[in-house]
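Trainee: Listed here are the chains, written in short residue letters.
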Amino acid sequence: MAMNENDNILIEQFFREAAQQQIEDNGFSERVMAAIDADYSLQGEKAKSGMTLIFQRLWTLFCLVVAVMVFVAMQGWTMLLSYAAVFVTNIEVFFRTLPTMFDLSLLGDMTASTPMVTLLEVVLALVILMALSIAGLTRWVIRQV
Amino acid sequence: MTSLTDISLVTQVAVFGNQKAFDKLVVKYQSLVRKFFLHQTMGDSQLSDDLAQDTFIKAYVNIRQFRGTASFSTWLMRIAYNVFYDYKRKEKSLPQPLLERRGEDTLGAAKSGLQGDFSPPSQGGVGGGSVGVRLDIHSALAILKPDERTCITLQLIEGRPIDEIASITGMPSGTVKSHLSRGKEKLANYLKQNGYERKR
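Protein sequences, first through last, are from chains L and F.
Residues in the first sequence are numbered from 1 upward in steps of one, following the numbering used here.
Residues in the second sequence are numbered from 1001 upward in steps of one, following the numbering used here.
Isolated chain L, as found in the complex (with noise of 0.2 Å):
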């Protein structure tokens, strides 16, 4: 049999109580969180033995440390420095050239000015490991807290 117009009505008349139910929460969310804690807190990391944590944490360590000895040893901040300044001349190389580069003629003549980037980029490398471990310990401190 076709369903018509007064049908869907009906339906929907009959489930317009249904939908605007809410349910009491009445200790439900707390007896959820309660089973949570007891079985599954921190998202397994309790699964984990408290070894492999702890060997978890000193890599983290180790990696910190090394990343810092070796910004150092190369003295990094050197590195930085100097390309920071090559980076600033970079940008008035452009604004000086940028009239000639309408001009084809001249386009022969333009030199690249190409930084040392070898170094640096190992410097960056190291930086950005400082970060990442930094805000691997910092996670961890403040889950703790």
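Simulated from the structure, these hints should not be mistaken for laboratory data.
Quantities reported herein were computed from a predicted structural model and do not represent experimental measurements.
Don't take every hint at face value.
[To be verified] Looking from chain L toward chain F, a few residues come up when the C-beta cut is under 7 Å (computed):
{"no.": "1", "residue": "Met3"}
{"no.": "2", "residue": "Glu5"}
{"no.": "3", "residue": "Asp7"}
{"no.": "4", "residue": "Leu10"}
{"no.": "5", "residue": "Ile11"}
{"no.": "6", "residue": "Phe14"}
{"no.": "7", "residue": "Gln22"}
{"no.": "8", "residue": "Ile23"}
{"no.": "9", "residue": "Gly27"}
{"no.": "10", "residue": "Phe28"}
{"no.": "11", "residue": "Val32"}
{"no.": "12", "residue": "Met33"}
{"no.": "13", "residue": "Ala34"}
{"no.": "14", "residue": "Ser82"}
Think of the CB as a built atom: it goes at the ideal place given N, C-alpha and C, for glycine as much as any other residue.
Since the structure of chain L is already known, use the hints to place chain F on it.
Mentor: Using the frame of chain L, we list chain F on its own:
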């Protein structure tokens, strides 16, 4: 705005393991999830709460799998749907006497010759079919097949569009439409047979 708040709470749970943020999500969605189970189990509140608790625990454990492509409530309802169908599968493997007892408990006051969740009601439905008897939503839902019941409750009670129902149940949209159409037809006949039309 709502989804932004949800995503922010989910992020706090996933990244920092912040349980208070998850508590907020449980408080916010407990009614939705428990209501869904209450309709699937046709009024068994104890069973509904157990299944709802399983749903939230599964959501917590797998929260890092939430990608934000659908809303959090759709993702949560998909888990709820899977929890319910896992339960149905396990229930099928229970010994027969236990299953029958569960069927009696489930329908409670609305029982009218139903045996388990899947059987149609006896002729005349709840209250022997007399006109003027107060019809219960759960006994009306009991005449539907499980998939029809799920689609009907998701659309008529939760107001979800067909594509969301398809996303929650994993059924193709065409199948959802078929379930809705058949379910509505059965419900319309049932309501008419029980005099609901005349009460309007």
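Trainee: Now look at each hint and say whether the structure bears it out.
Mentor: Hint check:
1. Met3: holds, 6 Å
2. Glu5: violated, 11 Å
3. Asp7: At 4 Å from the nearest chain F Cβ, aspartate 7/L passes the 7 Å test, so the hint holds.
4. Leu10: Interface hint status for leucine 10/L: holds (6 Å vs cutoff 7 Å).
5. Ile11: It holds, given that the least Cβ distance between isoleucine 11/L and chain F is near 5 Å, below 7 Å.
6. Phe14: Holds, about 6 Å.
7. Gln22: holds, 5 Å
8. Ile23: holds, 4 Å
9. Gly27: Hint violated; glycine 27/L Cβ to chain F Cβ min 10 Å, cut 7 Å.
10. Phe28: This hint holds: phenylalanine 28/L lies near chain F, its Cβ roughly 5 Å from the closest one there, short of 7 Å.
11. Val32: holds, 5 Å
12. Met33: Constraint on methionine 33/L satisfied, holds at 5 Å.
13. Ala34: Violated - the Cβ of alanine 34/L stays beyond 7 Å from chain F, reaching only about 10 Å at its closest.
14. Ser82: With Cβ-Cβ at 36 Å, over 7 Å, it is violated.
When the structure is compared with the earlier hints, violations turn up for hints 2, 9, 13 and 14 and for no others.
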